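Protein chains: 2
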Amino acid sequence: MRGITYLLGAVVALTVVVVYKAHPSEHSDGEVAPIFGVKIPPGYRDWRLISVAHEEGKLNDLRAILGNDIAIKAYREGKLPFPDGAIIARLAWSYIPSEENNKVFGRAQSFVAGPATNVQFMVKDSTKYASTGGWGFAQFNDGKPADEALHNTCFACHVPVKTRDFVFTHYAR
Amino acid sequence: MRGITYLLGAVVALTVVVVYKAHPSEHSDGEVAPIFGVKIPPGYRDWRLISVAHEEGKLNDLRAILGNDIAIKAYREGKLPFPDGAIIARLAWSYIPSEENNKVFGRAQSFVAGPATNVQFMVKDSTKYASTGGWGFAQFNDGKPADEALHNTCFACHVPVKTRDFVFTHYAR
Chain W
1 MRGITYLLGA
11 VVALTVVVVY
21 KAHPSEHSDG
31 EVAPIFGVKI
41 PPGYRDWRLI
51 SVAHEEGKLN
61 DLRAILGNDI
71 AIKAYREGKL
81 PFPDGAIIAR
91 LAWSYIPSEE
101 NNKVFGRAQS
111 FVAGPATNVQ
121 FMVKDSTKYA
131 STGGWGFAQF
141 NDGKPADEAL
151 HNTCFACHVP
161 VKTRDFVFTH
171 YAR
Chain G
1 MRGITYLLGA
11 VVALTVVVVY
21 KAHPSEHSDG
31 EVAPIFGVKI
41 PPGYRDWRLI
51 SVAHEEGKLN
61 DLRAILGNDI
71 AIKAYREGKL
81 PFPDGAIIAR
91 LAWSYIPSEE
101 NNKVFGRAQS
111 FVAGPATNVQ
121 FMVKDSTKYA
131 STGGWGFAQF
141 NDGKPADEAL
151 HNTCFACHVP
161 VKTRDFVFTH
171 YAR
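So the sequences go chain by chain: W and G.
So in the working numbering, spot 59 of the first sequence is number 59, and the numbers just go up one at a time.
So in the working numbering, spot 78 of the second sequence is number 78, and the numbers just go up one at a time.
A hint or two may mislead.
[What the hints assert, rightly or not] Cβ-Cβ distance ranges computed for the label pairs, FRET-style: (1) G:E99 x W:P97: 20 to 28 Å; (2) W:N102 x G:G78: 21 to 29 Å; (3) G:E148 x W:N102: 23 to 31 Å; (4) W:G37 x G:E148: 20 to 28 Å.
No wet-lab data here; the hints were simulated from the structure.
Since this is a predicted model, take the numbers as computed values, not measurements.
The C-beta atom is built at its ideal place from N, Cα and C for all residues, glycine as well.
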């Protein structure tokens with residue numbers, strides 16, 4: 001009986017670890033974005049890194065592209081199209097110079113992430129989103145969904161990379 | 001007895017999941033970096049994101065700063081100094097323009113991660129590394145440790161941020 005108790009304890013402990021890792025999102029508030037009906041996926045800030053980027057111009061941001069487990073697996077295996085359930089998150093922050101870092105380097109060369117600008121998601125569901133390449137798109141500004149006009153632009157913008165299942169970002173090895 | 005077998009099965013299954021998640025590093029080859037004796041931590045490419053940055057000048061890279069579970073927890077709780085066992089990884093890739101993205105944006109504004117340049121680690125062990133603020137430092141170029149001369153520069157460079165336990169990067173919210 002004591003053996004079973006220990007085993008049960010181990011199962012509970014391991015389950016708690018797995019569940020805890022899946023739900024510590026700091027931003028999820030349940031609001032649904034227009035057109036595609038996408039919500040902020042719980043725990044996305046804990047997802048693994050696909051790559052990083054910098055956009056100049058009006059965007060002027062530093063960005064990280066993260067993937068849920070299904071997306072990361074597909075990326076690493078070079079599997080296209082992405083399977084249903086894959087979600088790709090694009091986080092972006094203002095592009096700001098770091099005076100602190102520049103002092104250390106002895107020249108103005110260092111740029112870091114300032115306040116968050118917005119977060120975007122691509123959610124793969126080949127049935128639900130059949131008319132947009134199998135992807136649902138969403139953008140949230142400070143936790144609130146962007147408007148419908150913006151969401152109308154998402155798919156058209158991704159069409160040039162149709163051969164990579166409409167996904168721009170390459171996995172950074 | 002069947003109950004115990006099921007429980008054992010569950011423990012093994014969950015343990016496999018946990019262990020599998022901890023060891024898919026693509027770069028670990030066991031070589032030890034000079035001075036601090038740091039190895040590439042298994043599975044670091046799966047760690048969670050702390051922040052992103054861009055360095056101009058000679059470095060000319062895009063970088064992601066990742067943390068193991070202990071480091072991420074300390075960051076999120078604003079806990080300083082970092083506890084023993086915390087490891088911070090700085091991955092960097094060449095900073096290259098994306099012609100593909102620029103076409104979509106209609107102007108040259110998009111920069112993405114090219115080939116990896118090097119990876120650096122800070123490993124917290126307040127006893128072992130007492131003379132360098134409790135941190136061991138390491139840089140690996142293409143999986144191989146950088147030379148001793150380079151490792152001699154690490155700690156001095158981090159002294160300006162002594163009040164933040166010698167860590168430059170802020171957590172990107």
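**Structure versus earlier hints - violations, ascending order** = Structure breaks hint 4 only.
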